[in-house]
Every structure is written in C-alpha cells, then in structure tokens.
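Q: Please build the complete structure, drawing on both the sequences and the hints.
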Amino acid sequence: MSYYDIDSILTDAEKIPCTFQLDVPELGYLDNNPGQTLKAGARVALPLWLAELLAITSAGGSDDQTKSYVAFDLPPALRNDVVQALKAEPLAVPLRDQSAHFYSLATHMMDLSEEPELSTTLRKTFVKRAAEIALHARKLGGGAGKGDEGSNLGVGGAGEEFLRGLDEWERRLFRKAHDGTKAGKEWMEKIKKY
Amino acid sequence: MALPLPPGLTQPEVAFLAEMELVTIVPRQRLESIALLSGSTPPLRPPHRADLPLWLALLLKKQRRANIVPPPWLHPTSLSEIITRETKDNPDAFSDPPPPISRAHPSQPGRARRLAESEAGLSPPFVPSCTAEAPAGYLPYHWLEVAEALLAHAGDDMPVAAGEVRSLLRDLVEVRAAKMRSSTGTLEMFGGGLTSLRGVGAMELAESRGFVLGVVDGVRKLGASAEATRREEEEAGGGQGASDDDESDEDMGL
Numbered sequence: 001m002s003y004y005d006i007d008s009i010l011t012d013a014e015k016i017p018c019t020f021q022l023d024v025p026e027l028g029y030l031d032n033n034p035g036q037t038l039k040a041g042a043r044v045a046l047p048l049w050l051a052e053l054l055a056i057t058s059a060g061g062s063d064d065q066t067k068s069y070v071a072f073d074l075p076p077a078l079r080n081d082v083v084q085a086l087k088a089e090p091l092a093v094p095l096r097d098q099s100a101h102f103y104s105l106a107t108h109m110m111d112l113s114e115e116p117e118l119s120t121t122l123r124k125t126f127v128k129r130a131a132e133i134a135l136h137a138r139k140l141g142g143g144a145g146k147g148d149e150g151s152n153l154g155v156g157g158a159g160e161e162f163l164r165g166l167d168e169w170e171r172r173l174f175r176k177a178h179d180g181t182k183a184g185k186e187w188m189e190k191i192k193k194y
Numbered sequence: 001m002a003l004p005l006p007p008g009l010t011q012p013e014v015a016f017l018a019e020m021e022l023v024t025i026v027p028r029q030r031l032e033s034i035a036l037l038s039g040s041t042p043p044l045r046p047p048h049r050a051d052l053p054l055w056l057a058l059l060l061k062k063q064r065r066a067n068i069v070p071p072p073w074l075h076p077t078s079l080s081e082i083i084t085r086e087t088k089d090n091p092d093a094f095s096d097p098p099p100p101i102s103r104a105h106p107s108q109p110g111r112a113r114r115l116a117e118s119e120a121g122l123s124p125p126f127v128p129s130c131t132a133e134a135p136a137g138y139l140p141y142h143w144l145e146v147a148e149a150l151l152a153h154a155g156d157d158m159p160v161a162a163g164e165v166r167s168l169l170r171d172l173v174e175v176r177a178a179k180m181r182s183s184t185g186t187l188e189m190f191g192g193g194l195t196s197l198r199g200v201g202a203m204e205l206a207e208s209r210g211f212v213l214g215v216v217d218g219v220r221k222l223g224a225s226a227e228a229t230r231r232e233e234e235e236a237g238g239g240q241g242a243s244d245d246d247e248s249d250e251d252m253g254l
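For the record, the sequence lines run as chains A and B.
Residue numbering for the first sequence follows full-length UniProt numbering, starting at 1 and increasing by one per position.
Residue numbering for the second sequence follows full-length UniProt numbering, starting at 1 and increasing by one per position.
Hints were generated in silico from the structure; no laboratory data involved.
Check the hints yourself; a few may be wrong.
To be verified - Derived BS3-like pairs (lysine-lysine); straight-line CA-CA distance at most 30 angstroms:
#1 A/LYS139 / B/LYS61
#2 B/LYS221 / B/LYS179
#3 A/LYS182 / A/LYS139
#4 B/LYS61 / A/LYS185
#5 A/LYS124 / B/LYS62
#6 B/LYS179 / A/LYS128
#7 A/LYS87 / A/LYS128
#8 B/LYS88 / A/LYS128
#9 B/LYS179 / B/LYS88
#10 A/LYS192 / B/LYS62
#11 B/LYS88 / A/LYS124
#12 A/LYS39 / A/LYS15
#13 A/LYS139 / A/LYS124
#14 A/LYS192 / B/LYS179
#15 B/LYS221 / A/LYS124
#16 A/LYS192 / A/LYS182
#17 A/LYS182 / B/LYS62
#18 A/LYS67 / A/LYS139
#19 A/LYS67 / A/LYS39
#20 A/LYS193 / A/LYS139
#21 B/LYS62 / A/LYS190
#22 B/LYS179 / A/LYS190
#23 B/LYS221 / A/LYS182
#24 A/LYS190 / B/LYS61
#25 B/LYS221 / A/LYS87
Claimed, not checked - Examples of chain B residues toward chain A, derived with CB under 10 angstroms:
#26 ALA15
#27 PRO76
#28 THR77
#29 LEU151
#30 VAL200
#31 GLU204
#32 GLU207
#33 SER208
#34 VAL215
#35 SER225
Glycine is no exception: its CB is placed at the ideal position from the N, C-alpha and C atoms.
A: Spelled out as structure tokens, the structure:
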C-alpha cells in the first residue's frame with residue numbers, strides 16, 4: 001500500500017458503521033442533529049480512516065477504564081449474509097455491488113479486528129474466482145480491435161454478468177491475465193509476418 | 001515504479017532468446033564457417049546436416065539455401081503422445097522436461113548413462129534441445145516459440161502436413177493453459193500453495209506470470225492478518241514452552 005495508491009485512498013473512504021462510546025458536544029450534525037450533542041450510543045457511519053483513528057486512540061479517562069471514542073462493526077459489505085453467500089457459491093456473488101474495493105476493505109477490517117473465519121472464506125473465494133477470471137480473460141482473448149471473434153464459447157451473458165461483479169483487485173487480476181494472453185496472441189500473429 | 005514493463009521477460013523478449021536455440025538444417029549450398037559472437041558456425045557442405053542457431057537457419061530457409069529438419073518432439077506422434085500424457089496419464093502435472101543428455105558407456109557397450117552437468121559442460125537452457133538429436137516425447141523450455149517459428153516459416157519441411165502439427169500444438173497449448181489456470185487452485189487452503197511449474201515452457205511462463213503472481217499476492221494480503229496472529233500465538237506458545245531454559249536464551253542474547 002503505497003502513499004499514492006489511489007485504491008488504498010478510496011478504501012479509506014469507505015463508510016463503516018460505528019457506535020459512539022461517549023457524548024461529544026457539537027458533533028450532532030453527524031447524526032442529523034445540528035448544534036446538539038452527539039449522545040453516547042449513537043450509530044454513525046464514519047469513513048474508515050476516521051473510524052480507525054477514533055477506535056484505536058483512547059479517550060483518556062481514569063486509568064483503569066480507558067475507553068475509545070467509538071466501537072465499530074463490520075461494514076455492510078462484510079455482513080454475515082454476504083459471507084454465507086460467498087461460502088455457498090463464490091462465483092454467484094457480484095462483489096462489486098457490495099463494495100468496489102471489497103478485498104482491500106476486508107483486509108483492512110481484518111487488520112483491525114481478528115476474523116479468522118472471514119479470512120479463510122475470503123481466501124477460498126478469491127482463489128475460486130481467480131480461476132474463473134483467468135478463464136474469461138483467455139476466452140475474451142482477441143479483444144482489442146477485433147471484437148468478438150467467435151472465441152467467446154460458453155461465455156455468454158452469464159460471463160458478462162460475472163465480469164461486471166469483479167471488485168478492483170479482481171479487475172486488476174483480469175487485466176493482467178488478459179494482457180498476458182493478448183501479448184501471446186500478438187506474438188503469434190507477428191511471427192508469421194516477421 | 002515508473003518502469004512500464006511487467007516483471008519478468010515479455011513475450012517478444014522470450015521469442016528473441018528462443019532464436020538462439022540450435023536447430024538442424026540440411027544445407028543446399030556450401031557456406032564457410034562464420035565467426036559469430038556466440039561461436040563460429042560449422043561450415044556447411046550440402047548433403048551433411050549441421051546445427052545452426054534458429055535465426056540463422058530461418059534466414060537461410062527464407063533464401064532457399066537450406067531446409068530445416070524439425071526436432072523429433074514436433075512430430076505428430078510425439079505431440080499426440082505428450083497430449084495423452086498430459087490429459088489421461090497425468091492430468092494434474094505438466095509433462096517432464098527433457099532428461100539430461102546420456103551417452104554410451106565406453107566400457108559397457110549397449111549401456112547408456114546420464115552425464116553429469118560438469119561432464120557434459122552444459123546445463124538445461126544450453127543443451128541443444130531442438131536439434132534432430134533431441135529426444136522425442138519431451139518438450140524443451142522453448143518449445144512453443146521454436147514450434148511456432150518452424151511452422152510459420154518452414155511448414156513445408158514438416159514430415160506431415162503443417163496443419164496437422166499446428167492443430168496438435170493448439171490442443172497442447174490449451175491443455176497446458178487450463179492446467180496453469182487451475183494450478184492456483186491449491187492456494188485455496190491454508191498451508192497449501194505449492195505449485196510445481198516443472199516442465200513449463202518460457203512462453204507459457206511469460207503469459208501467465210502476471211496472473212499467477214497476482215493471485216499469490218492477493219492470497220498473501222488476505223492471509224496477512226491471520227498469519228500475523230498465528231505468529232504471535234506461536235511466539236507466545238514458544239515463550240511458555242521455553243520458559244525452562246530462559247537462562248540459556250539470555251546467554252544467547254549476550
């Protein structure tokens with residue numbers, strides 16, 4: 001994750017649900033209550049970078065019970081039903097609808113709180129979907145310029161649907177696989193001309 | 001960061017390197033030895049075969065000064081044998097690379113033995129694996145590049161119709177590409193992730209490198225936090241177990 005990595009910056013802007021642990025004066029506008037005090041226990045969706053900072057810094061108080069400002073939950077993209085659906089059939093879930101930065105959001109969340117089961121599920125999902133991505137990348141092969149060249153066997157509307165559901169990591173993966181195949185094709189064309 | 005090229009060799013680079021492979025030709029004209037940077041070429045005397053680098057062989061072929069003898073592994077029988085091996089006999093692994101060079105045992109006639117690398121003076125990338133003496137049934141490192149070049153420019157030198165060889169080659173490429181794709185499947189479980197790429201050709205590597213590295217990197221990132229906790233636990237567990245010999249640890253520290 002480089003400082004200039006646009007995907008990392010966009011991931012930091014994802015909203016995650018947080019619960020405030022103490023009253024904060026004048027912050028009511030976050031909860032559609034301008035000018036009021038934000039009460040403890042209010043649920044507000046905060047961007048990841050802010051939530052992370054508020055969750056890990058302690059709000060002072062007496063030594064034996066240091067509280068953090070907020071407690072956060074898993075974002076809607078990583079809700080239990082999404083994870084269950086991924087467990088059942090990784091290929092059927094359009095991850096992009098959950099979040100365009102699904103995997104980087106997930107890794108970030110896993111850094112913040114331990115989710116061993118989520119990690120296993122996502123790993124399986126990623127690998128399963130990667131194989132499918134590679135297949136599509138190869139089938140779409142001819143790609144640039146030539147349009148569909150009849151090599152789209154077995155990748156009809158369903159394939160398009162699947163490709164639309166890829167998140168950023170998977171898009172990059174698709175691009176890499178596609179570039180490899182494309183360069184191979186170009187070389188094969190060129191070798192005949194010399 | 002600013003370098004636009006992906007890591008590893010690109011396809012044109014691989015194809016360029018493959019042109020150094022030696023192939024066997026049957027010259028039609030006499031040609032004296034040429035001193036090249038890679039060594040002098042053998043003098044060409046028409047009926048006798050000679051081994052030349054691929055680029056020179058193709059040049060002579062285009063000028064109709066020579067015919068190229070296709071390597072034995074490019075013969076349809078050899079190719080279909082490899083395809084059977086890849087699909088039926090061993091559907092999970094790539095077929096083996098060519099065995100090391102063997103030579104007849106001088107004291108025991110009829111016995112061959114494998115030469116050690118030091119004896120032969122050559123190790124795999126430099127072993128002439130595309131000449132007429134190459135073993136049939138094994139794909140060398142630059143198989144796809146050499147095969148494509150020979151089919152494109154010396155199709156009439158094939159022992160059978162070039163179309164037949166070409167379609168077998170296509171089958172083989174598809175079979176192996178499918179294997180390459182599924183090879184990342186082993187990463188699914190924790191602790192897995194060993195993928196043997198023995199016998200994979202240079203061009204296939206260039207094609208799949210980006211994808212395979214991408215998958216491995218993704219899995220690494222997804223597993224990073226779990227890995228960190230596992231390490232911490234291990235360290236904590238190791239610390240308790242090693243509490244008896246704390247003193248020796250301290251000695252080590254000093």
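Q: List in ascending order the numbers of the hints, as given earlier, that are violated by the structure.
A: Result: hints 1, 5, 18, 27, 28, 30 break, sorted rising.
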